[in-house]
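First to last, the protein sequences are chains A and B. Using this note's numbering, read the first sequence as starting at 1 and increasing by one per residue. Using this note's numbering, read the second sequence as starting at 307 and increasing by one per residue.
If you're looking for bench data, these hints aren't it; they were derived computationally from the structure. Predicted, not measured: the structure shown is a model, and the values here were computed from it. Do not take every clue at face value.
Straight-line alpha carbon distances no greater than 30 Å define the calculated DSS-like cross-link-like pairs of lysine-lysine that follow [unchecked claim]:
no.	chain 1	residue 1	chain 2	residue 2
1	B	K497	A	K221
2	B	K497	A	K150
3	B	K578	A	K191
4	B	K314	B	K350
5	A	K272	B	K497
6	B	K497	A	K191
7	B	K456	A	K191
8	B	K314	B	K527
9	A	K221	B	K527
10	B	K527	A	K191
2 protein chains.
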Amino acid sequence: MGVWLAGKPLADRIKADVAKKAAEYKDRTGRTPGLAAVLVGDNKASQVYVRTKEKTSQQLGFASRILKLPADIDARALEERIRELNRDEDIDGILVQLPLPGHLDPWAAVAAIDPRKDVDGIHPVTLGRLVQNQDAFKTCTPQGVLELLKDFGVALEGKNVAVIGRSLIVGKPLAVMLTNENATVTVCHSKTRDLPGVVSRADIVVAAMGRPAFVTPDFVKEGAVVVDVGINSVTDARLAGELFGDDPARRKDLADKGYTLVGDVHPAVVAKAAALTPVPGGVGPLTVAALMKNTLEAFRRLKGLD
Amino acid sequence: MGVWLAGKPLADRIKADVAKKAAEYKDRTGRTPGLAAVLVGDNKASQVYVRTKEKTSQQLGFASRILKLPADIDARALEERIRELNRDEDIDGILVQLPLPGHLDPWAAVAAIDPRKDVDGIHPVTLGRLVQNQDAFKTCTPQGVLELLKDFGVALEGKNVAVIGRSLIVGKPLAVMLTNENATVTVCHSKTRDLPGVVSRADIVVAAMGRPAFVTPDFVKEGAVVVDVGINSVTDARLAGELFGDDPARRKDLADKGYTLVGDVHPAVVAKAAALTPVPGGVGPLTVAALMKNTLEAFRRLKGLD
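For reference, chain A alone in the conformation it holds in the complex:
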C-alpha cells in the first residue's frame, strides 16, 4: 500500500518562503512584485483559476491585476494590451489564461509577452532555453511536479519516467526538464501502442492527458511513484462510488456541487504504487506556488535586486 502524496504542505512552504522574501524586498526597496492575468471572455473554469491566482498573489503581498477583455477581442488588440503590460513597470509577471476563444491563436498571444515577464514559462524563448538547459522560468506545472518528487526524496537520475500526454504546458516541457535532470524519459500519448506495457516499465509515471481515471493498476509497476496532473469532473454518482467507495467528502461534493474531481489516475493505483498524488490537493497547489515563485524571480531580475 502506497502513500497519498499531497502537494499542499509543500506548496504552503514554498508560498511562505516567497511571501517572506517579498516582504524583505518591500522593506528594502518599497516595491512589491506585480502579477497581471489576462482573461479573455467568460470561460467559467478560467475565471476560477484566475481568481485563485489573484487571491494567492495578494496573500503573498504581491500587487495583482486582472485584465478582463471581451470574448470578441481581435488578435491585434489583444497583443497591444499585452504589450502595454510589457511596458508597465509595476508589472513583473504576465500570464494569459488559456484556453482563449477559438478565433485567437494562443501561441501568438503568449509570444507577445516579454520573455522576462513570462512567469507561466510557456513563451517560445523560455521553452527554447529549457531545451538548451539554460537558465529560464520553469513552466509552472512541470516545476511543481519536479519539486514534489524531490521533496518526496525521489532521485531522478537514471530513473525511467513515463510522461503520458504531450501538452505544451505539461507533457512537453516536463519531458525536457526531466531529461535535463538525467532521467530516461518516454513521452506517451494517444498514438502510443501498448500504453500499459510502456508505462508499466516506468519507475515514475506522470499522467497528464485529461482522461478520467484512465491509468489503472495494471498500467503501473509495483512500487512506482505516480503523479496525477489530470483534473476531470465526475457527475455520475455510480462512477464516483466505483472510484471513491463511500468517501463522505465525495458524496458531499456530489450533493453540494453536482460533481467531484478525479485525476487521470484511478485511485486504486495507490495500493500498488509507492505513492500517488491525490486529486484535488496534489499537483494543483504546486502549480500556483510555482507561478508565485517565478513572479518573485521576475521582479528580482527586472528590478536588479539580489
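The hints should help you fit chain B onto chain A, whose structure is shown.
Quick look at chain B alone, frame taken from chain A:
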C-alpha cells in the same frame, strides 16, 4: 540481413530541388539566397565543415560568405559581428560553426542571430516553436533523419523510437520533432540504466552520442531501423579490421589519411536490423541538404516571395 540506407541519393534530390527553386527565384527577382558561416578560431574539423557548406551553397547558386574571426575574439565583438549579418540584406541565413573556443558561450552567440535567419534551427525561439509544434526552421540533422526515414517509407506514428544522446543539435530537437510526428520517443543518455534493454524495445533507433561503434547487435531488435548520427575517427588498424573486415576502401582510408570514420553503431548491426545508415554517407549529406533547404526558405520569407 538489412539494407544499408545511404543518405546521399536523397540529399542529392533535395539539393537539386533547392537549386532549381533558387534559379527560378533568380530569374524572377534577380536575387539569390545568401548564407553566412561564422568561423571562430582554427578548429580543423570546423574548417572542413564550413568549407563543405560553402561549396554546396555555391553549387546550388547561393551567395556564400565565411566570416573568419580570431580565436581570441571576445563575446561582445562576436555578437556585434553577428548583428551586422542580421542587418545585412544580402544574407538570409547565418550559422555559427560550433564548437566555439572555450571562453565563448555558444548559446549566447546563437541567441544573437536573428531567428528569421537561424537556418541551423538552434536559436531558442526556433527550439521553443518546435516544442510548440509551430512553424519553425527544423534543426538540420534531425530534419535529415526525419526525411531519410520518410523517404525509406517508415511510418513514424505509434512507433517506439529510442534516441540515444541528448545534444542540443541532435537528440533534444529530434525527440521533440519525433513526438510531433506521433512517435513514442524515449531519450536515452549516459545515465540511462539498462541501455540495451531500453533500446532493444525500439522499432527505430537513432544513435547520436559520440561513442564509436557503441551500439552492438545485442542492443537492437530484429528488424529495427537504425540511424547512425555519430562520426568518429578510427586510427587503429586492428580495430578497423574488427569493424569493417578487409574492406579495401577502409584500408585505403587508413593508408592515405591515417584514419577511417565509424559511427556510433557497430556495422555488424546491419545483419540484424531492417536498415542501417552508413558512416560516412548516411545522415551527414542530409544535414547539409537541410541547411540549404532552410536557407532557401529564409530567403523566400525575408524577401516576401512565394
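* Asked: Hint by hint, which ones does this structure get wrong, listed from lowest number up?
  -> none
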